[in-house]
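Participant: Residue numbers (the numbering used here), protein chains in the order written: chain A, 1 to 437; chain B, 438 to 755; chain C, 756 to 1012; chain D, 1013 to 1370.
Calculated directly from the structure, the hints in this document are not laboratory data. Do not take every clue at face value.
[What the hints assert, rightly or not] List of simulated lysine to any residue pairs, SDA-like, C-alpha gap at most 20 Å:
id, chain 1, residue 1, chain 2, residue 2
1, A, Lys67, A, Lys294
2, C, Lys904, D, Ser1213
3, A, Lys422, D, Gln1112
[Stated by the list, open to error] Listed next, the stretches of chain B that the computed footprint assigns to chain D, with coverage defined by at least 3 CB atoms under 8 Å from CB atoms of chain D:
id, stretch
4, 537-550
5, 554-565
6, 686-696
Yeah, the Cβ is synthetic: ideal placement off N, Cα and C, and Gly gets one too.
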Amino acid sequence: MKLKRIVLACATTLSLVAPALAQESVFVPLFTYRTGPFAGSGTSIADGMHDYLSMLNERDGGIGGVKLAIEECETGYDTKKGLECYEAVKPKGPVMVNPWSTGITLPLIPKAAVDKIPILSMAYGLSASAMGETFPWVFNPPDTYWDGMSMIIKYIAAQEGGLEKLKGKKIGYLYLDAGYGKEPLPFLDQLSKTYGFEQKLYPVPAQEMQNQSAQWLNVRRDRPDYMIMYGWGAMQPTAVKEAAKTNYPMEKFISIWWPTEDDAKGAGKEAVGFKTLNWHAATGDFPVIADIRKHVVDKGKSLAAKDKIGTVLYNRGVYNSMLIAEGIRNAQKITGKKVVNGEDVRRGLESLNVDAARLKELGMEGFTGPIKLTCADHNGHRPTFVQRFDGEKYVKITDWIEPMTDKVMPLLEADAKAYAEKNAPWPKRTEVCDVKS
Amino acid sequence: MDILYRIFIDPFVQMGGAPDLLVQTLWEGLVGGVLYALIALGFVLIFKASGVFNFAQGIMMVFAALTLVGLTEKGVPAPLALLLTIGVMYLLAVAVERFVLRPLVNQPDIMLFMATFGLTYVLIGVGELIFGGNPKKMPTDALFLPSGAIDLKILGGLVSLQKLDIAAAVIASVMVAGLAIFFQRTRIGRALRAVADDHQAALSVGISLNQIWIIVWFTAGVVALATGIMWGARSDVSFALQVISLKALPVLILGGFTSVPGAIVGGLIIGVGEKLGEFYWGPLIGGGIESWLAYAIALAFLLFRPQGLFGEKIIERI
Amino acid sequence: MKDDILLAVRNVSLSFGGVRAITDVSFDIRKGEIRAIIGPNGAGKTSMLNVINGFYHPQEGEILFHGRARRRMKPYEAASQGIARTFQNVALFKGMSTLDNILAGRTLKMHRGFFWQTLRHGPALAEEIEHRKFCEEIIDFLEIEHIRKAPVGSLPYGLQKRVELGRALAMEPTLLLLDEPMAGMNLEEKQDMSRFIIDVNQQYGTTIALIEHDIGVVMDLSDRIVVLEYGHKIADGVPDAVKNDQKVIDAYLGVAH
Amino acid sequence: MFYREVGQFKTTYAADQAIFPIRQDRIGLAIILFAAFVLIPLLGGEFLIASVMIPFLVLALAAIGLNVLIGYTGLISLGTAAFMGVGAYACYKLSTIFPQVNVLVWIVASGFVSSAVGVVFGLPSLRIKGFYLAIATLAAQFFLQWCFVRIGWLYNHNPSGAIEVPGHTLFGIPVTGPQATPITRYYVVLVIVVVMTWFASNLVHGRIGRSWMAVRDMDIAAQLMGIKLLPAKLLAFAVSSFYAGVAGALMVFMWLGAAEPEAFNINQSFILLFMVIIGGLGSLIGSFLGAALIHVLPIIVRFLPDALGVPVGAATVEHLTFVITGALILFFLVVEPHGLAQLWRIAKQKLRVWPFPY
């Protein structure tokens, strides 16, 4: 037992030493996963998040004259390590956490209100947490997975010439057999009944991500008119390859917003035509990226590989950090404080309003669309577009597609209510509201 | 009644109704089975010669493929990278012999088994440390592996055979044949068989056990490399492959731990069995049963024939 | 005379996949005697013991214990009827101490269930201590007090044999089977072991069947001897009779038939 | 000097049959318990309690369960995490179906559910052993994990597919959910772990423990002692799964707060196996030492370079942890196959004769 005590002693001292941070800074921890089975996606996201915030520090001296203290904590996409990261950063007074894993987000949701640390789970996590009245501390802009599904269906309908033309069509749904992939199932079911299309389900178990031939044999048998994918990590390149092998028409294969360029590239020329949703650009031709190059990358302060800058997931990291930064800036504006805390940033995020003019100031004109959150709506339900893989990169091919918010909202409301009931006693919202919608 | 119909009749109706799909399913199963068989082959080689149940065989496959891809990504021409990787596998064999097998000789089997867990973790760590954890693409063209498919218009439908899969089957057969010749015809091969039969006997004819272990582990390493290339070309090379490689374990139960033909036949049975199961029966219980079906087949097998397909009946001596 | 017989082997035949190990052997063991089974290597002696305590099930013939016939019996059933055993190559529980090995022999005599075991207080502890006392007596008897707490894996061979005997005695057997109890021992150790065997037989009245290669020891120790060769019984009787039996002499001297 | 048993004569077998016959050991145990119950909650920071101590205790409990199977009975299992999952899901279901019963009751009750499942998957152990059994337990691992994903009833059809822990109270104090302070949760875990460790210690030192070890060391001879193999092995499976199940319930209810099926994946099973190997097969203290080492190692590897002022990338730290874990396994197997527990024993032996080793 002696060894244990020594080890514990070490850990104690370390946890006491660590919070010795400069007072005049805002602490932003970044949970990242540069290791583990999903490192391929995680590395780019981590770099994008890190580089944008570093750029603000280098270029502007932080936000509102306060430096950002950025600290990465490696989760390896593992829930247990993620919680450990949370406990490790908690004493240092983080203004928010970005769990970057649904598994880590779920246990943090009830803690957020108690620890006064807002959660920004950008387009992942618990869909119902879009309901700000039930989840005042959780934000998941700009879309939920249900929004995503509705936009894919709308895109498919547009190809067919209208929602009523979906009748009698067969739509296949290939998904990671985990909470994330299964979440849209009830919604898809509802849509199929409404519009009269037939849904075909192809679950891929997490440990069989790279062994999908059985699922694709089923695809061959069922011959769906369109395929929708909610994949993750190594599941995505494997699916694209299998689609090519099965001679599935790539133009009719549409994914939610997670695949990278590399995921498609693996299948070579055959992957041309593969489509994904997105809400931001997938190139580096924007002033904001130029600034990152100038202030961070060229100074050797970035871990990112040069050719990954401006790719889908790098830009997603940038977008995520933009939300972080704007939330902090807003908080400063509302409270008049320079050094804001978690409670302030919660208000800042809730009154987030990044309009076209603000995007232009940020050097993100055309990079993404405006977003506005309210106390009731912590998501935004922003439109997305479809991008098509051209063999090298993704090219935007549609205009903005609005989600079926009218169909999604009742589900979200019901889910939020069910969550609060199952987790009774769930606290009633008492937090102040700065922006009534 | 309906449920009985769907379990016992409907799948066969489907098979008869679309024979091309049945053939395609069988083919996919066979190809998957060949890859399982190759991993199992590595196990068998090592188990026969050193009595070690090498849990790290799966990770050796990933490690070998990762080394190859990592080197080509760093700009090494593919053929040279292949040679270098083979060299790395040799060094690995030497290191394993020196730091794991030699100190643990005469320890209970279970100790050696657990040591290979340690080896697994070391290999994962070292591999990621050097080459990073991102999934990597296998440079199939540079390795002269074919791509594309042969589409056969038979059975009133289409059966599509990937050239890559055909190549995998051919390479696997060549490798098995090569190993068979190696074991039957060469001096070292005969020595290896002698070790398998009796360590003492092998020592008495003047063969160094240490050398034999190195050779066996190296051979298993090369088999692992070939498997890694094949699987890496089908999907990407990443550490997530390791969990799939565990499927070689039920193959071993079917084939027996010491039988090379057993590994191959077992691999094919598991490969075909799980594809048929997933394709025809999986949808009945929600699909995704592939993750455990192989183990269930093996378990059922264990209860009726614990010694495997080709193993000899074990008589307990007291 | 009938009541006198503890165990009877009747026309037993045993084969493994066509290889005959024992062919039509019959003999009996009387209460309280020391019965030796001898024969050259491969004569089927150990197989015979394995049949008696239920490891092997003979294809033909039967075993009567306490006059009751049985065909298929599990080893633990044999144990619960009072048949204990030592092995040719010591089969101790190597990871456990001497004391624990001997206590393991008391398993059948301990009855406190799972619930009390988890508490290890009250009845369970009382039982544990009661059996500890019994085992200490055996330890005293076998003169192995000094290695009470030592792990048996590290003990010298002679002592391991003694611990194994102790473990068998802890079962308070009615019939004790000893498979080469003196193999690999020096003269002094053999004398000790002989003394223990005789003492066990006389003090506790335990019936003993033993296999031994040292003919001298066998002649001294045993009341009656059965001789096997190639799975057949070739002689049965008191030591003097067996010693002078021509077939036995031939078998041991390797004279061709 | 102070660690001496000289002069401590045992006059009864009762004293000698005690689990800690040497007085200093009993004092040491008292000190450890004092530290665990008083010092750590008093002095430790929230991080130490929530992210080091609670996980350590939960993992140690699971490791004890696995050690019963591997270390004491010699049956290899690669499916411990799945049995933890059974406990966790059972506890979730029981506490949502009967919310009026205290959750602590269900945490213990879920152990019995896990136990029952463990016995079912332990049945093949009669016919197969060694590596074969290890592979058979993989079937349990993958099948049960599939059930956690596929059977919606198990997670009350939550759209997230995960089980979430609502707040429960004990005597008005919140013990689960976000309102429960780490100290409260720590005490709950600590009490359960201490009591269950005491039970385990009693079991392995008595008749049942001896019959397990007998089966492990020489199953043939064990049968001759009147030990029936199947009941002994099944009991080991039952007890082992019970411990794993309670540990799993504690993991979700007291540590994580919500869990997806992935929390019970095969890597978790492997990590528990490593804890048992490194800690020491067939040693309860070893289970604690192994859990401490494996759990704390990544934390140290993460913080040490920082503390020393050497910046190391987060990814590198993770990779290094893998290498070090693997190397430690090899090291212990080669140098000290009985694990940390044996080092502990040797240290005690040295202390016994110190300062005059001859």
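Participant: Please go over all the hints and tell whether each is borne out by the structure.
Facilitator: How the hints compare with the structure:
Using a Cα cut-off of 20 Å, the hinted pair A/Lys67 and A/Lys294 holds, with the two alpha carbons roughly 19 Å apart. Proposed proximity of C/Lys904 and D/Ser1213 is supported: the alpha carbons are some 18 Å apart, at most 20 Å. Annotation: proposed proximity of A/Lys422 to D/Gln1112 holds, straight-line Cα distance about 14 Å (limit 20 Å). With a threshold of 8 Å between beta carbons, the proposed coverage of the stretch 537-550 of chain B by chain D holds, since 8 of its residues qualify and at least three are required.
With 11 residues having a beta carbon nearer than 8 Å to a beta carbon of chain D, the stretch 554-565 of chain B meets the requirement of three or more and the stated coverage holds. With 5 residues having a beta carbon nearer than 8 Å to a beta carbon of chain D, the stretch 686-696 of chain B meets the requirement of three or more and the stated coverage holds.
Of the numbered hints listed earlier, not one is contradicted by the structure.
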